[in-house]
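Protein sequences, first through last, are from chains A and B.
Note that the numbering used here has the first sequence beginning at 1, numbered continuously upward.
Note that the numbering used here has the second sequence beginning at 115, numbered continuously upward.
Honestly, I wouldn't trust all of these hints.
[To be verified] Here are the simulated distance ranges between beta carbons: (1) Glu53/A x Gly130/B: 44 to 52 Å; (2) Gly96/A x Asp181/B: 22 to 30 Å; (3) Lys40/A x Leu128/B: 23 to 31 Å; (4) Ile127/B x Thr59/A: 17 to 25 Å; (5) Leu27/A x Ala193/B: 27 to 35 Å; (6) Pro8/A x Ala193/B: 33 to 41 Å; (7) Pro8/A x Asp153/B: 16 to 24 Å; (8) Lys131/B x Leu54/A: 41 to 49 Å; (9) Glu129/B x Thr59/A: 36 to 44 Å; (10) Gly155/B x Leu114/A: 17 to 25 Å.
[Claimed, not checked] Straight-line distance between alpha carbons at most 35 Å, and here's what the computed DSBU-like set of lysine-lysine pairs gives: (11) Lys40/A x Lys216/B; (12) Lys226/B x Lys9/A; (13) Lys40/A x Lys71/A; (14) Lys22/A x Lys41/A; (15) Lys41/A x Lys226/B; (16) Lys40/A x Lys67/A; (17) Lys52/A x Lys22/A; (18) Lys131/B x Lys185/B; (19) Lys44/A x Lys226/B; (20) Lys41/A x Lys52/A; (21) Lys19/A x Lys71/A; (22) Lys131/B x Lys226/B; (23) Lys36/A x Lys185/B; (24) Lys131/B x Lys71/A; (25) Lys36/A x Lys115/B; (26) Lys36/A x Lys131/B; (27) Lys131/B x Lys67/A; (28) Lys216/B x Lys115/B; (29) Lys171/B x Lys131/B; (30) Lys71/A x Lys22/A; (31) Lys52/A x Lys131/B; (32) Lys36/A x Lys9/A; (33) Lys19/A x Lys115/B; (34) Lys52/A x Lys171/B; (35) Lys226/B x Lys22/A; (36) Lys22/A x Lys131/B; (37) Lys185/B x Lys216/B; (38) Lys52/A x Lys67/A; (39) Lys22/A x Lys40/A; (40) Lys216/B x Lys19/A.
Rather than coming from a laboratory, the hints here were simulated on the basis of the structure.
Each residue gets a CB set at the ideal place from its N, CA and C atoms; glycine is no exception.
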Amino acid sequence: DTAVSQTPKYLVTQMGNDKSIKCEQNLGHDTMYWYKQDSKKFLKIMFSYNNKELIINETVPNRFSPKSPDKAHLNLHINSLELGDSAVYFCASSQGRSGSTTQYFGPGTRLLVL
Amino acid sequence: KNQVEQSPQSLIILEGKNCTLQCNYTVSPFSNLRWYKQDTGRGPVSLTIMTFSENTKSNGRYTATLDADTKQSSLHITASQLSDSASYICVVSRGGTGGGNKLTFGTGTQLKVEL
Numbered sequence: 001d002t003a004v005s006q007t008p009k010y011l012v013t014q015m016g017n018d019k020s021i022k023c024e025q026n027l028g029h030d031t032m033y034w035y036k037q038d039s040k041k042f043l044k045i046m047f048s049y050n051n052k053e054l055i056i057n058e059t060v061p062n063r064f065s066p067k068s069p070d071k072a073h074l075n076l077h078i079n080s081l082e083l084g085d086s087a088v089y090f091c092a093s094s095q096g097r098s099g100s101t102t103q104y105f106g107p108g109t110r111l112l113v114l
Numbered sequence: 115k116n117q118v119e120q121s122p123q124s125l126i127i128l129e130g131k132n133c134t135l136q137c138n139y140t141v142s143p144f145s146n147l148r149w150y151k152q153d154t155g156r157g158p159v160s161l162t163i164m165t166f167s168e169n170t171k172s173n174g175r176y177t178a179t180l181d182a183d184t185k186q187s188s189l190h191i192t193a194s195q196l197s198d199s200a201s202y203i204c205v206v207s208r209g210g211t212g213g214g215n216k217l218t219f220g221t222g223t224q225l226k227v228e229l
């Protein structure tokens, strides 16, 4: 009955590596998001896709590239990982692209770059 | 600058007591305000969403208020339980053209409920 799932839950890797995080939602939503939560627990939106179309792309380094193969999936690929990329990454989904709909968050992926 | 500030930063209360968390924002134009609860090690869960015309909304023991004139919101928790221990995050959505969701997150209030 998982609504929004992410894999992996934990990711420990060396600086300079390339890694991917996957997200899937089974809620039938048409909009998905990626958020980054830093060590101070501050959540910041990175990307948003509506029906596989990129609608929000905040100031994020080019090393981060989202990919949405279909409405139910939004993956995040990170190239040349840096120490500052260490954070918890949350995927979320909602129905509709307006700001008034409830977003459902996944459990998070804890990324540690050594 | 669009900002959301929450107070207090952290709070410890005894089980059964009530508490109120505050949120002040400068986001404009305003679309809606949400309160989320985030348990340790988990993703945020939505508690309430309020639009400009709503000044109070309840979800069980949680009651949120909104004063759009003073740009303030509060989250009142009644008869607290140990399971209320979590981070409570205030999020304000910006309206306007351009589509998409323009959400500004507060840094949260860390609540601990003790026996």
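Hints, one by one, checked against the model:
1. For the pair glutamate 53/A and glycine 130/B, the supplied restraint of 44 to 52 Å holds, since their beta-carbon distance comes to about 49 Å.
2. A C-beta distance of roughly 27 Å is found between glycine 96/A and aspartate 181/B, which places it inside the suggested range of 22 to 30 Å.
3. Our hint of 23 to 31 Å for lysine 40/A and leucine 128/B holds, since their Cβ atoms are close to 27 Å apart.
4. In this structure the supplied range 17 to 25 Å is violated for isoleucine 127/B paired with threonine 59/A, their Cβ-Cβ distance being about 38 Å.
5. Restraint check, leucine 27/A to alanine 193/B: a C-beta distance of roughly 31 Å satisfies the suggested window 27 to 35 Å.
6. Hint check: proline 8/A to alanine 193/B, Cβ distance near 39 Å, so the stated range 33 to 41 Å holds.
7. Roughly 20 Å separates the CB atoms of proline 8/A and aspartate 153/B, a value that falls within the hinted 16 to 24 Å.
8. With their beta carbons about 46 Å apart, lysine 131/B and leucine 54/A fall inside the hinted range of 41 to 49 Å.
9. In this structure the hint that glutamate 129/B and threonine 59/A lie 36 to 44 Å apart at CB holds, the actual value being about 43 Å.
10. Distance hint check for glycine 155/B and leucine 114/A: the Cβ-Cβ separation is about 21 Å, which falls inside the suggested range of 17 to 25 Å.
11. At roughly 21 Å between alpha-carbon atoms, lysine 40/A and lysine 216/B fall within 35 Å of each other, so this suggested pair holds.
12. This hinted pair checks out: lysine 226/B and lysine 9/A have alpha carbons roughly 25 Å apart, not beyond 35 Å.
13. A distance of roughly 31 Å separates the Cα atoms of lysine 40/A and lysine 71/A; the hinted pair therefore holds under the 35 Å criterion.
14. At roughly 22 Å between alpha-carbon atoms, lysine 22/A and lysine 41/A fall within 35 Å of each other, so this suggested pair holds.
15. This hinted pair checks out: lysine 41/A and lysine 226/B have alpha carbons roughly 16 Å apart, not beyond 35 Å.
16. Taking the CA atoms of lysine 40/A and lysine 67/A, the gap is about 27 Å. The hint holds against a cut of 35 Å.
17. At roughly 15 Å between alpha-carbon atoms, lysine 52/A and lysine 22/A fall within 35 Å of each other, so this suggested pair holds.
18. The suggested pairing of lysine 131/B with lysine 185/B holds, with an alpha-carbon distance near 27 Å, which does not exceed 35 Å.
19. A threshold of 35 Å between alpha carbons decides the hint, and for lysine 44/A with lysine 226/B the separation of about 24 Å falls inside it, so the pair holds.
20. Among the hinted pairs, lysine 41/A with lysine 52/A is consistent with the structure: their alpha-carbon atoms are about 28 Å apart, no more than 35 Å.
21. Simply put, lysine 19/A and lysine 71/A have alpha-carbon atoms about 22 Å apart, close enough for the 35 Å limit, and the pair holds.
22. Restraint check for lysine 131/B and lysine 226/B: satisfied, since their Cα atoms lie roughly 12 Å apart, inside the 35 Å limit.
23. Restraint check for lysine 36/A and lysine 185/B: the C-alpha separation of about 26 Å stays at or below 35 Å, so the hint holds.
24. For the hint pairing lysine 131/B with lysine 71/A, the CA-to-CA distance comes to about 44 Å; that exceeds 35 Å, so the pair is violated.
25. With a C-alpha separation of about 20 Å, the suggested pairing of lysine 36/A with lysine 115/B holds against the 35 Å cut-off.
26. Between the alpha carbons of lysine 36/A and lysine 131/B the distance comes to roughly 33 Å, so the proposed pair stays at or under 35 Å and holds.
27. The straight-line distance between the Cα atoms of lysine 131/B and lysine 67/A is roughly 46 Å, outside the 35 Å bound, and the hint therefore fails.
28. This hinted pair checks out: lysine 216/B and lysine 115/B have alpha carbons roughly 13 Å apart, not beyond 35 Å.
29. Between the alpha carbons of lysine 171/B and lysine 131/B the distance comes to roughly 20 Å, so the proposed pair stays at or under 35 Å and holds.
30. Pair hint lysine 71/A plus lysine 22/A holds up; C-alpha atoms about 13 Å apart against a cutoff of 35 Å.
31. Pair hint lysine 52/A plus lysine 131/B does not hold up; C-alpha atoms about 46 Å apart against a cutoff of 35 Å.
32. About 14 Å separates the Cα atoms of lysine 36/A and lysine 9/A, which keeps this hinted pair within 35 Å; it holds.
33. For the given pair, lysine 19/A sits about 34 Å from lysine 115/B by alpha-carbon distance, which is consistent with the 35 Å threshold.
34. Annotation: proposed proximity of lysine 52/A to lysine 171/B holds, straight-line Cα distance about 33 Å (limit 35 Å).
35. Using a Cα cut-off of 35 Å, the hinted pair lysine 226/B and lysine 22/A holds, with the two alpha carbons roughly 32 Å apart.
36. In summary, the hint linking lysine 22/A to lysine 131/B is not supported, as the alpha carbons are separated by about 41 Å, beyond the 35 Å threshold.
37. Our distance criterion of 35 Å between C-alpha atoms is met by lysine 185/B and lysine 216/B, whose separation comes to about 17 Å.
38. Proximity of lysine 52/A to lysine 67/A is assessed by CA-CA distance (about 8 Å); at most 35 Å being required, the pair is judged to hold.
39. Between lysine 22/A and lysine 40/A, the direct Cα distance comes to roughly 24 Å. Compliance with the 35 Å bound is thereby established for this hinted pair.
40. Proposed proximity of lysine 216/B and lysine 19/A is supported: the alpha carbons are some 27 Å apart, at most 35 Å.
Going through the hint list in order, the structure does not satisfy hints 4, 24, 27, 31, 36.
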